[in-house]
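*Asks:* These are the residues of each chain, in order.
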Amino acid sequence: MSEDRRWGVAILVMAVAIGLESLSFIPSFQTDPLGPKAFPLFSALLLAAGASWTVFRPARPPAPAEAETLHDEVQTQPDEVEALSGGSEALPGAVWLAAGSFVAYALLLEPLGFFTATLAEFVALSLLFGGRALRSALTGAVFVGALYLLFVQGLGLALPTGSLFLVGR
Amino acid sequence: METVQLLLDGFAVALAPLNLGLAVAGVFVGTVVGMLPGIGPINAIAMLIPLIFAGGLPPESALILLAGIYYGSQYGNSISTILLNVPGTASAVVTAIDGHALTRKGRAGEALAMSAVASFVGGTLSIFGLVLLAPALSRWAIRFGPAEYFALMVFAFSALSSLAGKSVAKALAATGFGLFLATIGMDPNSAVPRFTFGQLRLFDGMDFVVVTIGLFAVSEVLQALTTTDRAQQVSAATGRVALKARELLGAGWTMMRGSVLGFLVGVLPGAGGTIASFVAYSSEQRIQGARAHFGEGDILGVAAPEAANNAAATGAMIPLLTLGIPGSGTTAVLLGALMGLDVTPGPFLIERSPEVFWGLAASMYVGNVVLLALNLPLVGVFVKVLELPRSFLMPAVAALSFVAVYTVNQSTFDLVLMTGFGVIGLLMRRGGFPLAPVILGLVLGPLMERNLRRALALSDGDWSVMFSSPLAIGLWGLVAASLLAPMLVARLRRFGEPAPTPQN
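As given, the protein sequences belong to chains C and X, one line each in that order. Position 83 of the first sequence, counted from 1, bears residue number 1113 in our numbering, the numbering being contiguous throughout. Position 241 of the second sequence, counted from 1, bears residue number 258 in our numbering, the numbering being contiguous throughout.
Be aware that one or more of the hints could be misleading.
Over the 10 Å line for every Cβ pair with chain C, so calculated as not near, a few chain X residues [said to hold, decoys possible]:
| id | residue |
| --- | --- |
| 1 | Glu19 |
| 2 | Leu24 |
| 3 | Phe45 |
| 4 | Gly126 |
| 5 | Val185 |
| 6 | Ala190 |
| 7 | Phe197 |
| 8 | Gly215 |
| 9 | Val238 |
| 10 | Leu242 |
| 11 | Gln302 |
| 12 | Asp359 |
| 13 | Ser408 |
| 14 | Gln427 |
| 15 | Val433 |
| 16 | Met435 |
Pulled a few chain X residues facing chain C out of the computed Cβ check, cut under 7 Å [unchecked claim]:
| id | residue |
| --- | --- |
| 17 | Ala71 |
| 18 | Asn206 |
| 19 | Thr213 |
| 20 | Phe214 |
| 21 | Thr245 |
| 22 | Glu313 |
| 23 | Arg369 |
| 24 | Ala415 |
| 25 | Ser428 |
| 26 | Leu432 |
| 27 | Leu464 |
| 28 | Arg467 |
Some chain X residues close to chain C (C-beta under 7 Å, calculated; not the full set) [stated by the list, open to error]:
| id | residue |
| --- | --- |
| 29 | Thr20 |
| 30 | Thr192 |
| 31 | Pro394 |
| 32 | Leu475 |
None of these hints come from the bench; they were simulated from the model. Ideal placement from N, C-alpha and C gives every residue a C-beta, glycine not left out.
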């Protein structure tokens, strides 16, 4: 089964789940002829239509490379996309580490405060990209500090201070 | 005459010291962020949205800042395209062909200067088109009822799906995904919660900043982890950023043609900038014939697509401002930002908030001047950003994304959602699914549903209302035509193929 077809099957399953869930949207009173379930059903139908085509279409030779370059609005680096889109290899561990660190960041942001948490995330991500620890910590401290000053002092946005710096008070 | 007076009033707005300063700041920041490899205008605008919302600016000033960021990020994107051959958007792919070839010849400075001048010409000329066309279109658009709006939005989707991507099926699925995301949360008509699974945090629905930054910026960071670093020494090769008078004059007609073509294509929803730059490049190639050496580093091969691309960006503002319908991912993000500023684009915008429309038109012109004045001398400085290692750039992009997402709702749950969309975005890129239709679906979904339900409520559930006016029937005809367009485009593409594909 090709990469595209596996995608198609996964999306079909998702479309069916969305469709089934939509059927349970029953308003307590009649508001309009369509009601709340029609539009989600329509979106599920679109998903299913797109997916069915990739699953059931006849096999054909791969598109010529030039089609790749006229891709969507934000498809980056054509040569890379080509290298990647055919590949069915698993995502490298670094991707999952980074994604995990983002979730950890979300959980720790408010307890640790913006500066500490973001600096830690900055250094962690920098190390994943092959940066050196001390250098990342220094540049990160400057960058994150500048961000904090810009947004909190300059623009008056609220970013969590955290409790670390309040201990001494 | 009235138009001239209104435009002059617009200039009074745009040239107020605060607004002028915002235009300069927007262009500057937009250029730097847009230049980051792989970060195109969509990312730049989404990441800088807190800047726009935060200052407590009046709507016209916030719009001016937004427009500055938009223009700046487009030019920044051209810089990394020409120097590194890393187009952040499909519309820059054509620029990469001759732009990067010039860089390899050591003439990057000329390519960058030509890109700035051509962008200026394209942006300036198309603003006249905007000023002439937008008021007329919006007077006409007042006749749009809910059925016509629904058909128009279907057209925006069908045009984007069929013109922009290589696979209509995948674009369709991406659209469906975006529309699905739009339905999450409390249904405003019936108060029925949809797809919230009892989570109170989902009742307000998906915020487009969270989804956009996740799908684009975070997935870009994650994708960078799957590739190797290609940091390059670029500033040494840039040379002097200037054009000889002969080159400038020689490109005059090319830029004019590119601008007109780009503007006309840009007004149509769908892949405005992409198709515009492509068509401008290939038609210029035919016009120049044997005189030019397209594909081997011809300066005209930079001038044509850059003028067209920028003219198309202005052209795309017309459906956005007069109809409230974005035709691309970038304009969808702009629409989201406008709505966040309580500016509702549509037929009544020009009438009810003339200072917003005319101020924006004038500031687009001012933005173009600033872009030219700022970029020609400063390119050498901007380019230094590209020499920063990814171990600094990517964490910086991530940190900026976190700030942008967190400040929307002061919610750490949004950061988790953002991460989820980052992984989804990476998977979609790998699967060859376009991301722009997701954003368009998310932004247009609520409008689309509201208009559909309103139309059917007015007709008591009779679906024939969707085809009850000549206007609606005409729009459905356009939908059908756009779905047939891929075949046409494929034929055109074979006809005017630019010889080499932009690869190393």
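*Asks:* Give me the numbers of the hints this structure contradicts, sorted from smallest to largest.
*Replies:* 5, 6, 7, 9, 10, 13, 14, 15, 16, 19, 20, 21, 22, 23, 25, 27, 28, 29, 31, 32
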